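Trainee: The primary structure of each chain is shown beneath.
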Amino acid sequence: MAKARKLGLKERYALLTRGLDWETTYQPMDKVFPYDTYEGIKIVDWDKWEDPFRLTMDAYWKYQSEKERKLYAILDAFQQNNGHLNISDARYMSAVKIWLQGITPLEYAAHRGFAHAGRSFRGAGARVACQMQSIDELRHAQTQLHAFSHYNKYFSGMHNFAHMRDRAWYLSIPKSFFEDAMSAGPFEFVTSISFAFEYVLTNLLFMPFVSGAAFNGDMATTTFGFSAQSDESRHMTLGLEVVKFMLEQHEDNVPIVQAWLDKWFWRGYRLLGLVGTMMDYMLPKKVMSWKEAWEMYWEENGIALFNDLARYGIRLPKHHEVATKEKGRLTHELWATLYQYGNALGLHTWVPEDEELDWFSEKYGEQFDTMYKPRLLYFRELEEKGERFYNNRLPMVCQVCQIPIFYTEPDDPQSQCVRIVESKDTKHHCCSDGCADIFNREPEKYVQALIPPQQVYRGEADGARDIFEYAKYLHLESGVDTGEYRNSPDHKNWQAWHAATPDNSDEAA
Amino acid sequence: MTIDLKTASVKPLRRTFDHLAEKLGPDKNPTRYQEATWGLQPATNFHYRPTWDPTRELYDRERTAIVMDDFDDLVDPRQYYYGTWTIQRGKQQDSQEKNFDLVEKHGLLNGLDTNWKQRILALLIPLRHVAWGANTNNSFIAAYGYGAPVTSACTMHMMDHLGVAQYITRIGLLLGNNDPEILDIAKEAWMNEPQWQGLRELVELTMVTDDWCELFVVQNFLLDSYVHDLVFERFQAAAIEQGGVTILPMLTEFINEWRRESSRWVDAVLKRAAAESTENTAQLNVWIETWHPRVRDAMRPVAELAFPTQAARELAALGEAVSTRSAKLGLHGEAL
Numbered sequence: 001m002a003k004a005r006k007l008g009l010k011e012r013y014a015l016l017t018r019g020l021d022w023e024t025t026y027q028p029m030d031k032v033f034p035y036d037t038y039e040g041i042k043i044v045d046w047d048k049w050e051d052p053f054r055l056t057m058d059a060y061w062k063y064q065s066e067k068e069r070k071l072y073a074i075l076d077a078f079q080q081n082n083g084h085l086n087i088s089d090a091r092y093m094s095a096v097k098i099w100l101q102g103i104t105p106l107e108y109a110a111h112r113g114f115a116h117a118g119r120s121f122r123g124a125g126a127r128v129a130c131q132m133q134s135i136d137e138l139r140h141a142q143t144q145l146h147a148f149s150h151y152n153k154y155f156s157g158m159h160n161f162a163h164m165r166d167r168a169w170y171l172s173i174p175k176s177f178f179e180d181a182m183s184a185g186p187f188e189f190v191t192s193i194s195f196a197f198e199y200v201l202t203n204l205l206f207m208p209f210v211s212g213a214a215f216n217g218d219m220a221t222t223t224f225g226f227s228a229q230s231d232e233s234r235h236m237t238l239g240l241e242v243v244k245f246m247l248e249q250h251e252d253n254v255p256i257v258q259a260w261l262d263k264w265f266w267r268g269y270r271l272l273g274l275v276g277t278m279m280d281y282m283l284p285k286k287v288m289s290w291k292e293a294w295e296m297y298w299e300e301n302g303i304a305l306f307n308d309l310a311r312y313g314i315r316l317p318k319h320h321e322v323a324t325k326e327k328g329r330l331t332h333e334l335w336a337t338l339y340q341y342g343n344a345l346g347l348h349t350w351v352p353e354d355e356e357l358d359w360f361s362e363k364y365g366e367q368f369d370t371m372y373k374p375r376l377l378y379f380r381e382l383e384e385k386g387e388r389f390y391n392n393r394l395p396m397v398c399q400v401c402q403i404p405i406f407y408t409e410p411d412d413p414q415s416q417c418v419r420i421v422e423s424k425d426t427k428h429h430c431c432s433d434g435c436a437d438i439f440n441r442e443p444e445k446y447v448q449a450l451i452p453p454q455q456v457y458r459g460e461a462d463g464a465r466d467i468f469e470y471a472k473y474l475h476l477e478s479g480v481d482t483g484e485y486r487n488s489p490d491h492k493n494w495q496a497w498h499a500a501t502p503d504n505s506d507e508a509a
Numbered sequence: 510m511t512i513d514l515k516t517a518s519v520k521p522l523r524r525t526f527d528h529l530a531e532k533l534g535p536d537k538n539p540t541r542y543q544e545a546t547w548g549l550q551p552a553t554n555f556h557y558r559p560t561w562d563p564t565r566e567l568y569d570r571e572r573t574a575i576v577m578d579d580f581d582d583l584v585d586p587r588q589y590y591y592g593t594w595t596i597q598r599g600k601q602q603d604s605q606e607k608n609f610d611l612v613e614k615h616g617l618l619n620g621l622d623t624n625w626k627q628r629i630l631a632l633l634i635p636l637r638h639v640a641w642g643a644n645t646n647n648s649f650i651a652a653y654g655y656g657a658p659v660t661s662a663c664t665m666h667m668m669d670h671l672g673v674a675q676y677i678t679r680i681g682l683l684l685g686n687n688d689p690e691i692l693d694i695a696k697e698a699w700m701n702e703p704q705w706q707g708l709r710e711l712v713e714l715t716m717v718t719d720d721w722c723e724l725f726v727v728q729n730f731l732l733d734s735y736v737h738d739l740v741f742e743r744f745q746a747a748a749i750e751q752g753g754v755t756i757l758p759m760l761t762e763f764i765n766e767w768r769r770e771s772s773r774w775v776d777a778v779l780k781r782a783a784a785e786s787t788e789n790t791a792q793l794n795v796w797i798e799t800w801h802p803r804v805r806d807a808m809r810p811v812a813e814l815a816f817p818t819q820a821a822r823e824l825a826a827l828g829e830a831v832s833t834r835s836a837k838l839g840l841h842g843e844a845l
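Protein chains in written order, with the numbering used here: chain F, 1 to 509; chain P, 510 to 845.
The set of hints was computed from the structure by calculation and includes no laboratory data.
Since this is a predicted model, take the numbers as computed values, not measurements.
There is no bait here: all hints are sound.
Below, simulated EDC-like cross-link-like pairs (lysine to aspartate or glutamate); rule was C-alpha separation at most 20 Å, straight line:
1. P:K837 <-> P:E770
2. F:K31 <-> P:E710
3. F:K153 <-> P:D536
4. P:K600 <-> F:E66
5. F:K10 <-> P:D688
Excised from the complex, chain P in its bound form:
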């Protein structure tokens, strides 16, 4: 069938949906991110109270102390909706897979210093449980948070953390000749060895924290920063420099790229929430003041594991990095 179209006859009646036009103004076309995110969460007329929490509505602004005029303002600068997110992760996993293949094919781990290999295994593999905790915490925000921008991004972050837990496991298996015992040894350390107990206790405390914004601050800002900066940046740099483990960045490429990109999102959410009001800023500061020392203390033995002789210096650097980052977001956040 051919149709002889006159251009005027297919002139659109409107640019977009009403709720987007209202937020964007009449002349702007929404991006696919905005179209797929804003206004997506129901806002009113909820039929039944949750039987699992009858004090709340199904979607309830009061599950956090943070107050926003419009929670749809907590947007993701990466503009991730499912499609862009999964395509990006698809590319990254492809590249990571090629790295793993190369390492295996050419035996690039042969000749790795045994001492360094042990150090990497001891530090890295228990982190799969930390990533699992991060998965759990982001699923909490995805479930009980308010507004599609932050909850959908946390859903992606939840799956990302599961992916990270699996990549850490892959690295461990590569280093350990696919011997599953290394996973059991690491879990035993996570459960019982003194160096890990402070961190495990902290992670378990986050799992019973019920203000989702507070959890966002602790998990996605503080804990992720400390763990990542310590292990995947500072320790990795030392392993390359001192141990000649130049192969390590190939194994952690996915994790490092994801981390750079997702911290941009975490910062944007906090910055926007703080900018909303002095009350929000004060509340975020209280959370940072409360949790930053806890995170630092919990990470001290892990820092000692990574840097037996200069843990204090490393820990101070991690704290400083967090403080600098907080300051940029309009928060003070010193490590008290």
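Excised from the complex, chain F in its bound form:
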């Protein structure tokens, strides 16, 4: 027997996957793949798909199992050594809570969404790429649960995350975002998640959270974050690949893809408002401000990326200039909102310490000093008088992004921005021109949205009549899981745990 030729890695990948799929003849291809044409995307030649991963399963298992062994060794050590005591301050837990309640479920949704895409495309390369991302996303959901599980044993607001995920008004923001993507066709799904979210905006999500965790002594999060990074870079590659592929396949695809980019840029940006607020307000030790992150990751990198796509006829997403106008106010407006609706949140809010206010002044300048600092100081004053400010009615929220309608006019940060849209003689409220545009393009979709404050009024929240009954409906214990941080059980436990080293604890106001 002649000695076989040695194969290179790339060649081996090509051979191992060569011609695995086939053109069905006993069943029509359109019946086997019923979902990859109705969006209007035209694919002339699926073979032009370049697999961005080129990972055979044996190589995948080898790399991933090495990563997983290390990750779980560290998580075990973290749990055995009371790793929760090493975080910078228990206020930091609000960042972890919002992640567990709002973002970990998105990892799961991504897993299922990519399974859908991984079944839908008739091109084998695209299917395998989506399947691989599907199982990676399952990994992210599960490793996050394992990392956060320890914190749940010691802090409030996490024990009921699965119940809240499907019900809480503010968690409708991430939930509706991903369900919007999942209920779209497979091409829009990968454009929204792989490109708009993972490629364009992921740095704004991942960087602040993982770096924030590292800055604040959260070893569990830091570890899964770094471990997920190599997965993320694969996913970003897929995002760019899929968009270029659609654009190169047919010129009729360009306006469809452009409309999706407009929509998903804005929807992603609105979701990231929560992340920006986390990085500015919930990290006791700050990494960088939302404004700085926006400038670096969008105004420099994001715009450069879109300029690269100009040769395909793609322009910058609509309303990107509005997002840039809002960079100095976004997180301050959102934090003030979370602060006042604290009785219906599964995380704590507070007025930042003096040195944090100084940091805001440094990062946000005059706009912060004149517009947002006085409000925070007023909140502090009320609190010191024993009249901590709460707004005990749920807010009206945007029909599209589900964020409370409290953001301000792009050119006037002192006027509330409301846009009224209509469909079949019914009026709906949106928070911005960006969301109104999204509504008007697909009104039949967005009229279906479940709006939690409206559900309460319809008696669909176990008949809750006030915000405290609503908290009960969410399985939140008022004053324990909800409300002000200062003197909360989380705060008191933190002080007790660190009683031996008082200078490490946060002084109660």
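Dock chain P against chain F, hints included.
Mentor: Frame of chain F; chain P shown alone:
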């Protein structure tokens, strides 16, 4: 920084998340599998109907005729979450890789009987397409199934089948001196040769089956059993015994280990679904009654390829094995 900890001061406030405590009772700690699987799928308040199937919710119990009080009961006895799954597969691929290395390094395939080599190639290589079909079908269940235990296990099974398709290709390339033509010949057989058309027709029929539990029964129980038992057990045993191809188990180690382990999971899911109600049992029986004869008929020419002189006997043995297995799960499942 050193902290002088009093043990009482770091007493946990609770054992676990509420939804796990509710399912386990107050005194039990969840395993990492339970923690990473139960309650993971959203259950209510879906915002928009899928544009690709507006008659359904995004996650919809009614995509199958099987009714469960709690789909989280369809657990995996292997307790696989991503970490345990990938670590296990990492070990298995490492061992398989060593086998391939040994075979190549020592030229262990030299002197293999040409006739047997051809028989192995003819039977084995087209199965990469069957594995691809299994990948497609499990991605269907992963996408449209209900409840994280079964959908996440099917996601792993989907990737496993892709791995199996690639391992079958590796074996073919090893036997065929890395000549890619053997893959093209096998694909041509899969597409056009009469022996494979019944099976291809069946696989294509599974690809348009839209009840995910039904698909689970057909793909993961019936089809996997027939294909695997025929080729990797019975034919492999014959190749060793009659052809002296003692090297074959080294090449199929991964596939065989995976198969033993994953059939344990498939059985557990079916057993639990059947135990839920007489209606479920009846429905599963209907599916087995409908599909078992189809699978058997589709496999007949493949059995003839494997055992030219005693295909009927082999096929009967495969049917019996499936019936015995069904009976253990509380299903009757005779090959009608």
